[in-house]
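2 protein chains.
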Amino acid sequence: METFLYPNKADWPTILARPTQSVDDLSPLVAEIFEKVGELGDEAIKGYTKTYDGADLSVFQVSQQELAQAEKAVPIALKSAIKLAKTNIEKFHSAQKTARVEVETMEGVQCWQEKRPIQKVGLYIPGGTAPLFSTILMLAIPAKQAGCDEIVLCSPPDKNGKLANEILYTAQLCGVTKIFKIGGIQAVAAMTLGTESIPKVYKIFGPGNQYVTVAKQWATKYGVAIDMPAGPSELLVVADQHANAAFVASDLLSQAEHGVDSQVILVATSEAIIAKVKDEINQQLKALPRREIATKAIANSRFILVENNEVALALINEYGPEHFIVCVKNEAFFIDNIVNAGSVFIGDYTPESVGDYASGTNHTLPTNGYAKQYSGVNLDSFMKSMTFQKLSSTGIQNIGPSVELMADAEGLQAHKNAVSLRLKQLDEA
Amino acid sequence: METFLYPNKADWPTILARPTQSVDDLSPLVAEIFEKVGELGDEAIKGYTKTYDGADLSVFQVSQQELAQAEKAVPIALKSAIKLAKTNIEKFHSAQKTARVEVETMEGVQCWQEKRPIQKVGLYIPGGTAPLFSTILMLAIPAKQAGCDEIVLCSPPDKNGKLANEILYTAQLCGVTKIFKIGGIQAVAAMTLGTESIPKVYKIFGPGNQYVTVAKQWATKYGVAIDMPAGPSELLVVADQHANAAFVASDLLSQAEHGVDSQVILVATSEAIIAKVKDEINQQLKALPRREIATKAIANSRFILVENNEVALALINEYGPEHFIVCVKNEAFFIDNIVNAGSVFIGDYTPESVGDYASGTNHTLPTNGYAKQYSGVNLDSFMKSMTFQKLSSTGIQNIGPSVELMADAEGLQAHKNAVSLRLKQLDEA
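Chains as they are written, first to last, in the numbering used here: chain W, 1 to 429; chain P, 1 to 429.
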């Protein structure tokens with residue numbers, strides 16, 4: 001818990017610096033696995049799954065029987081919760097559907113823009129002790145709504161070659177078309193290159209450890225798109241003297257429990273609230289099962305006292321937090337003026353966890369300051385926009401002479417000629 | 001001109017293969033220039049500009065005086081053409097503005113999505129004999145409409161340290177905030193890292209040679225976003241027996257003149273139209289100033305005869321052309337069913353060149369099959385979508401128990417606790 005009182009603007013970059021991650025040394029391993037998967041296909045996957053996950057599998061795709069068993073195994077109350085989240089996420093993402101944009105820019109010049117689905121997408125869901133089924137909701141629901149034909153999911157199996165029931169249940173519920181028990185670099189390589197059993201996809205989504213992160217970057221060399229570059233999760237709370245310290249502390253801790261590298265920042269316009277939040281953190285920490293992780297992340301947290309809301313805003317826009325919680329009286333000031341943030345949580349009753357699971361917004365968000373230039377995952381992440389144009393004879397007559405002049409000025413005579421030929425034919429008609 | 005008659009689907013990948021480009025060997029040079037620019041700033045830029053552009057500059061920013069002179073030097077007719085194009089591009093891109101999406105997903109759970117501008121963007125405009133001022137229209141207009149604060153443009157100077165008048169005129173007209181006479185890798189490095197005179201930006205747009213392409217990829221390692229991965233320009237025309245062979249030939253040639261590596265494909269459902277188009281190409285070629293380039297590109301072109309529109313569509317969707325011209329009677333079939341294409345040009349009077357300059361659509365489009373997963377540049381390319389949520393006490397009571405259950409199932413107790421604390425306070429109130 002490092003505290004900074006009214007720091008100079010010149011010092012902000014240092015105070016707000018994220019730990020740099022060195023991942024270059026993973027490249028040789030990633031290159032090797034991609035090469036092997038490209039060469040040997042399923043055989044390579046089998047080997048890596050044995051080595052890294054300790055599971056000896058000859059069939060990677062989850063069977064109908066496994067899906068049916070998982071459906072039975074998930075408790076009814078949890079199923080209801082997942083369904084409630086699904087309904088909210090569906091409502092919010094379906095509202096993002098945009099109509100075709102059609103404009104007659106000049107008489108006879110009809111232009112339109114339409115979004116069409118990315119036909120094949122791959123979702124990576126990490127394994128481990130806590131099955132992150134919520135990320136399936138966040139990725140498969142908009143993929144389905146966008147109209148993607150093939151929605152492939154890969155997740156690493158446990159030693160017995162199984163995926164968690166919650167993962168299988170949620171994947172099935174959300175319309176994933178094929179589920180594979182494959183994890184790590186080899187999963188990303190399989191979805192990038194395709195194997196006998198795993199389809200090649202056009203875009204890969206989802207979180208993962210540093211191996212998966214580097215593998216996703218590597219996939220882009222093969223023409224596959226990825227959702228966004230990844231980094232450790234982060235939260236910034238802005239609070240004034242009216243904030244509820246217990247609530248603020250609980251939010252900072254819910255970020256801190258993600259991992260020791262989680263970024264936790266409190267920006268406050270009141271020194272008293274900083275002290276109260278620190279006390280609350282120390283109390284709440286004691287009761288947490290993951291307190292060891294959270295304690296380490298909190299040790300690296302920053303508490304920054306600033307003069308007023310204006311300074312707070314400038315600092316927050318410079319940082320560009322993934323999650324941004326607003327606990328101040330003048331909420332509108334931050335809502336209206338924040339430019340760089342992934343998702344914004346407003347007021348006493350909007351902890352980050354509601355967005356992580358069930359409010360309806362997406363929890364796959366830009367970290368590492370990428371909120372400055374990247375959107376979080378949304379319906380459009382699963383589509384691409386295409387443009388269309390159709391000119392009538394009047395249209396080409398209206399626009400043609402200008403195109404001829406510009407093509408000529410750029411030294412592109414064949415471009416000009418394509419117009420001139422048509423104008424000439426119309427003149428002669 | 002290689003011709004394929006009714007090829008087997010199994011052979012499509014070979015027939016449609018784009019030439020692979022090996023750019024890995026440029027990485028050491030790019031790495032070196034980035035390092036030097038990071039270390040020495042403007043001094044490094046000065047050196048590289050002398051070495052690569054032959055210009056000895058100590059001030060890189062274009063002055064007000066240079067802008068005023070350029071304004072005077074551009075012919076009035078060309079200015080009018082540029083303004084007409086600007087009006088059309090503005091109409092089409094401003095229509096792409098999306099309203100805030102707001103949904104109450106459950107009672108008391110308010111979620112909304114808003115797009116906000118990327119604050120700082122950089123535009124790269126290639127130099128050379130033909131000044132590509134049209135690309136400035138395509139990038140600066142939507143940047144301005146999106147509300148980007150800083151719109152930086154870099155373009156390589158000639159030996160006298162000048163940029164083309166058309167470039168300066170168009171940049172000024174479209175609201176570029178700062179114009180720099182810097183090109184190549186050093187321009188991309190400067191916009192990525194910032195120097196004394198060149199601001200660091202968040203996203204870099206624009207075409208370029210292989211050096212610029214590799215430099216843009218390199219920039220992403222520093223957290224800068226880029227418009228899209230680049231490749232040689234390409235055009236695919238689908239034609240049936242009703243198509244006008246002279247028009248089709250002129251379109252294929254206007255693509256071919258871009259460069260010897262341009263990709264030119266004709267897919268036809270009539271053998272006769274292929275023959276006619278070939279004849280027309282040979283005739284029209286003779287009159288072209290850039291016929292040497294065009295002849296080489298045409299030599300690599302492919303003419304593919306297929307059984308019917310259905311087969312044509314499947315083949316075209318597999319290829320994913322940057323530019324797609326539809327010259328068939330049943331236009332609607334292709335308009336409705338094309339999934340992978342950058343921009344679509346429909347009918348006899350819609351040559352590619354109208355979209356390249358003035359119809360209103362954007363000409364910065366995905367090449368190399370990237371139409372499968374990337375949009376062409378559009379208004380949203382200069383913005384990012386952010387989400388917001390605000391829950392009332394009723395909202396958290398409606399959604400809270402489900403969030404608690406899901407957080408518990410994912411083993412994230414602090415996430416659960418952030419909700420439980422609030423529910424408890426409301427229960428006690």
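Treat the hints as calculated values from the structure; they're not laboratory data. Computed from a predicted model, the values in this text were never measured in an experiment. Certain hints may be false.
[As the list claims (entries may be wrong)] As a list, the in silico SDA-like pairs of lysine to any residue whose alpha-carbon atoms are at most 20 angstroms apart: (1) Lys91/W to Glu102/P; (2) Lys221/W to Glu102/P; (3) Lys97/P to Asp336/W; (4) Lys79/W to Pro401/P; (5) Lys162/P to Gly411/W; (6) Lys200/W to Lys9/P; (7) Lys286/P to Lys79/W; (8) Lys91/P to Arg18/W; (9) Lys115/W to Ala95/P; (10) Lys162/P to Lys9/P; (11) Lys221/P to Lys86/W; (12) Lys97/P to Gly411/W; (13) Lys221/W to Lys162/P; (14) Lys200/P to Val339/W; (15) Lys9/W to Glu196/P; (16) Lys97/W to Leu423/P; (17) Lys159/W to Glu66/W; (18) Lys221/W to Asn368/P; (19) Lys221/P to Glu66/W; (20) Lys86/W to Lys97/P; (21) Lys97/W to Ala95/P.
[Unchecked claim] Covered by chain P, per the in silico footprint, the following chain W stretches (three or more residues, Cβ under 8 angstroms): (22) 53 to 65; (23) 106 to 114; (24) 204 to 213.
We treat Cβ as the ideally placed atom computed from N, Cα and C, and that holds for glycine.
Tested hints:
1. Lys91/W to Glu102/P: Measuring from Cα to Cα gives roughly 10 angstroms; hence the hint holds.
2. Lys221/W to Glu102/P: With Cα atoms ~37 angstroms apart, Lys221/W and Glu102/P exceed 20 angstroms; violated.
3. Lys97/P to Asp336/W: Satisfied, since the Cα-Cα distance of roughly 18 angstroms is no more than 20 angstroms.
4. Lys79/W to Pro401/P: holds (13 angstroms)
5. Lys162/P to Gly411/W: holds (19 angstroms)
6. Lys200/W to Lys9/P: holds (18 angstroms)
7. Lys286/P to Lys79/W: Between Lys286/P and Lys79/W the Cα gap is close to 71 angstroms, so the pair fails against 20 angstroms, i.e. violated.
8. Lys91/P to Arg18/W: Answer violated: Lys91/P to Arg18/W is near 41 angstroms, above 20 angstroms.
9. Lys115/W to Ala95/P: holds (14 angstroms)
10. Lys162/P to Lys9/P: violated (52 angstroms)
11. Lys221/P to Lys86/W: violated (35 angstroms)
12. Lys97/P to Gly411/W: violated (34 angstroms)
13. Lys221/W to Lys162/P: Distance of about 36 angstroms is beyond 20 angstroms: violated.
14. Lys200/P to Val339/W: holds (17 angstroms)
15. Lys9/W to Glu196/P: holds (18 angstroms)
16. Lys97/W to Leu423/P: This hinted pair is violated, its Cα atoms lying about 34 angstroms apart.
17. Lys159/W to Glu66/W: With Cα atoms ~16 angstroms apart, Lys159/W and Glu66/W stay inside 20 angstroms; holds.
18. Lys221/W to Asn368/P: holds (12 angstroms)
19. Lys221/P to Glu66/W: violated (41 angstroms)
20. Lys86/W to Lys97/P: violated (28 angstroms)
21. Lys97/W to Ala95/P: Given pair Lys97/W, Ala95/P holds - Cα atoms ~15 angstroms apart, limit 20 angstroms.
22. 53 to 65: With 0 residues close enough to chain P, the hint is violated.
23. 106 to 114: Satisfied; 4 residues make the cut.
24. 204 to 213: n = 0 at 8 angstroms, threshold three: violated.
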